[in-house]
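Trainee: Read off the chains here:
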Amino acid sequence: MISVRNLDYFYGQKKALNHVNFDIDAGEFCALLGPNGAGKSTLFGMLSGLIASKSSTISLAGHDLVRDRKSALASLGIVFQQSTLDLDLSVLQNLKYFAALHGLTGRLAHRQIDKALDTLGLRERILEKVRTLNGGHRRRTEIARALIHQPAILLLDEATVGLDAETRSNITDYVHELSAKGMTVLWATHLTDEIRPSDRLLVLHRSSLLYDGQTSEFSSNPEVKFLEMTKNTE
Amino acid sequence: MTYIVVLMAITKREAFRFLQQKGRFVSALVRPLVWLFVFAAGFRAALGLSIMPPYQTYIQYETYIVPGLCGMILLFNGMQSSFSLIYDREMGSMKLLFTSPLPRWWLLLCKLIGSVFVSLLQVYVFLFITFLYGIRIPEIGYLTAFPAFIVAGFLMGSLGLFLSSFIRQLENFAGVMNFIIFPMFFLSSALYPLWKMSESSKLLHDICVLNPFTHAVELIRFALYGQWNSSAFLITMCAAIVFFGLAEWGYNPTKVSKKGNI
Numbered sequence: 099m100i101s102v103r104n105l106d107y108f109y110g111q112k113k114a115l116n117h118v119n120f121d122i123d124a125g126e127f128c129a130l131l132g133p134n135g136a137g138k139s140t141l142f143g144m145l146s147g148l149i150a151s152k153s154s155t156i157s158l159a160g161h162d163l164v165r166d167r168k169s170a171l172a173s174l175g176i177v178f179q180q181s182t183l184d185l186d187l188s189v190l191q192n193l194k195y196f197a198a199l200h201g202l203t204g205r206l207a208h209r210q211i212d213k214a215l216d217t218l219g220l221r222e223r224i225l226e227k228v229r230t231l232n233g234g235h236r237r238r239t240e241i242a243r244a245l246i247h248q249p250a251i252l253l254l255d256e257a258t259v260g261l262d263a264e265t266r267s268n269i270t271d272y273v274h275e276l277s278a279k280g281m282t283v284l285w286a287t288h289l290t291d292e293i294r295p296s297d298r299l300l301v302l303h304r305s306s307l308l309y310d311g312q313t314s315e316f317s318s319n320p321e322v323k324f325l326e327m328t329k330n331t332e
Numbered sequence: 325m326t327y328i329v330v331l332m333a334i335t336k337r338e339a340f341r342f343l344q345q346k347g348r349f350v351s352a353l354v355r356p357l358v359w360l361f362v363f364a365a366g367f368r369a370a371l372g373l374s375i376m377p378p379y380q381t382y383i384q385y386e387t388y389i390v391p392g393l394c395g396m397i398l399l400f401n402g403m404q405s406s407f408s409l410i411y412d413r414e415m416g417s418m419k420l421l422f423t424s425p426l427p428r429w430w431l432l433l434c435k436l437i438g439s440v441f442v443s444l445l446q447v448y449v450f451l452f453i454t455f456l457y458g459i460r461i462p463e464i465g466y467l468t469a470f471p472a473f474i475v476a477g478f479l480m481g482s483l484g485l486f487l488s489s490f491i492r493q494l495e496n497f498a499g500v501m502n503f504i505i506f507p508m509f510f511l512s513s514a515l516y517p518l519w520k521m522s523e524s525s526k527l528l529h530d531i532c533v534l535n536p537f538t539h540a541v542e543l544i545r546f547a548l549y550g551q552w553n554s555s556a557f558l559i560t561m562c563a564a565i566v567f568f569g570l571a572e573w574g575y576n577p578t579k580v581s582k583k584g585n586i
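The listed protein sequences derive, respectively, from chains A and B.
Using this note's numbering, you'd call the opening residue of the first sequence number 99 and step up by one each time.
Using this note's numbering, you'd call the opening residue of the second sequence number 325 and step up by one each time.
Because the hints were derived from the structure by calculation, they are not lab data.
The structure displayed is predicted, hence computed values, not measured ones.
Yeah, the Cβ is synthetic: ideal placement off N, Cα and C, and Gly gets one too.
Among the hints, erroneous ones may be present.
Said to hold, decoys possible - Derived coverage of chain B by chain A (criterion: at least 3 residues anywhere in the stretch with Cβ under 8 Å from a Cβ of chain A; other residues may be distant):
(1) 325–332
(2) 337–350
(3) 408–420
(4) 423–435
Okay, chain A solo, but in the shape it has when bound (with noise of 0.2 Å):
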C-alpha cells in the first residue's frame, strides 16, 4: 500500500533522510517513532507530495507518486503535525472546502462530512469557528477532514501533540479501529505509550531507519536503549 524506496533527502548540506526503505501493507498499522530532527516531518512531507526529491520512488496505493499524483494524492488522508485548519471558518466550512479540494461536491459532499463528524462526535460543533475550538476537537476536526474522502492511507504526523492523556488515547483507539477495518495508517510520534505491541514499528534516528520490525520485538532489539532515550525526551 506504501512502498517507499530510495527516499534520500537533503536541506541545504544537511542531510535528513538517508536512504529509507520500507513497505507497508493494506490495512497494516505503522507507528513510526523518533525524536525530535529523526525526520519524521520530512519523511511525512515527501510521502504526501509536498517536497521531493529526483532519487526516491514513492507508491502509495500502487500509484507512483511523481507519474500518478492525484490518484496516489487522491488515496491519502493526512494529519499533519501543525495546524492546516482555517481558523475564522467554522468546522463544516473547514470541511466543505477539504472535500471541494477533492473534487467532492453536493449530496456525496454531505453525506461523507455528516459521516465524519458523527464518527469524531463533531456534530454540535459544526457552526462554531475553530479559532474557539479546544485542541482536541481542532485534532479531531482534523481527522474528520482527513478521512472525508475515504482515503486508503491515513498519515498522521504527531497528530496528538499537545492533548490530555484521554483525548490521546481516544484519538490512538479510534485510528487503531480505523486500521482494523483496513485502512492503511502510518502514524509518526515520539511518545511510545501510543504504540501497541501488535503494532509494526519503524524507528527513525538520525535520518536514517534504524528499526523495522513488530514493537513487542523492538525490545530483544540491540537497539532497546534507543526507546527509552525517546521517552526521556518527553
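Model the placement of chain B on the given structure of chain A, informed by the hints.
Mentor: This is chain B only, laid out in the frame that chain A set:
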C-alpha cells in the same frame, strides 16, 4: 469537473476571507482615494497635459490618474494576496492545498483567479466613487475595461505569487513591498505620461518603458475609453505568463525541498 469545483472553492474562500477583513477593503480604497482627492488636486496646477491618446480633448489631471490608481489597487492587492500566501504557508494552509490531487499549477492558478476576483470588486467600487466625484468615463469604458482589469490583475497576482514562492517569512515581505511596489508604481505612467517623464530624464523614461506595470496601466487607460492597446496587452500578458511560470517553478516540490519548508 474536479478542476472547476476546486476553483470555485478556492475563489469562494478568498472572497470570504476578504469580506471578513473589512480593514483590508477600506484601506484598499482609501489609498487610491487619497491620491485622487489630495495628490491629484494639488498636482493639477503643476502638471499641464496635452492631448494624447486615448484622450481626444484636454482632460483634468484627476481623469488622467484614474487608470493608474486602478492599477495601484491591482498592484497592492496582488501583493496583499501573496502576503496571504505567506501567511497561509506559516499557518499550514498551503500544505493542505498542495495535497489536493490536482496539478500544482492549477492550484496556484486558482489562487490567482481568486485574488483577481477580489481585485475586481475593489476596482469597480473605486470607479463608482470616482463617478460620484465627477470624473466621467464613457459608459462603455466600464465594460471594455473589464478584460483589461483581468489581464492587469493577472500580472500583479502572478508577480505576488512569484515573490511569495521565495519569501520565507512575513517580515521579509514588508521589505520587498517597499522595493517592488513603490518603484513599480512611481516608475510607470500611472502618475504622469511617459513623454513628460522623458522631458526630465531619458533614463527614467526608458526604465518606465521596461516596467510591465506601465503597460498594464496603459492597457487599462485605453480600455476605459473603449480602445484596445495591442502592444500593452501583449507585454502585460507575456509578463504575467513569465511571472506565473516563475511562481510555478518556485513552488515545485523538488525546489521547495532545498529551502526546507513549503
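Trainee: Each hint should be assessed against the structure and marked as holding or not.
Mentor: Status of each hint after checking the structure:
| no. | hint | in the structure |
| --- | --- | --- |
| 1 | 325–332 | holds (count 5) |
| 2 | 337–350 | holds (count 4) |
| 3 | 408–420 | holds (count 5) |
| 4 | 423–435 | holds (count 5) |
In terms of the numbered hints stated before, the structure departs from none.
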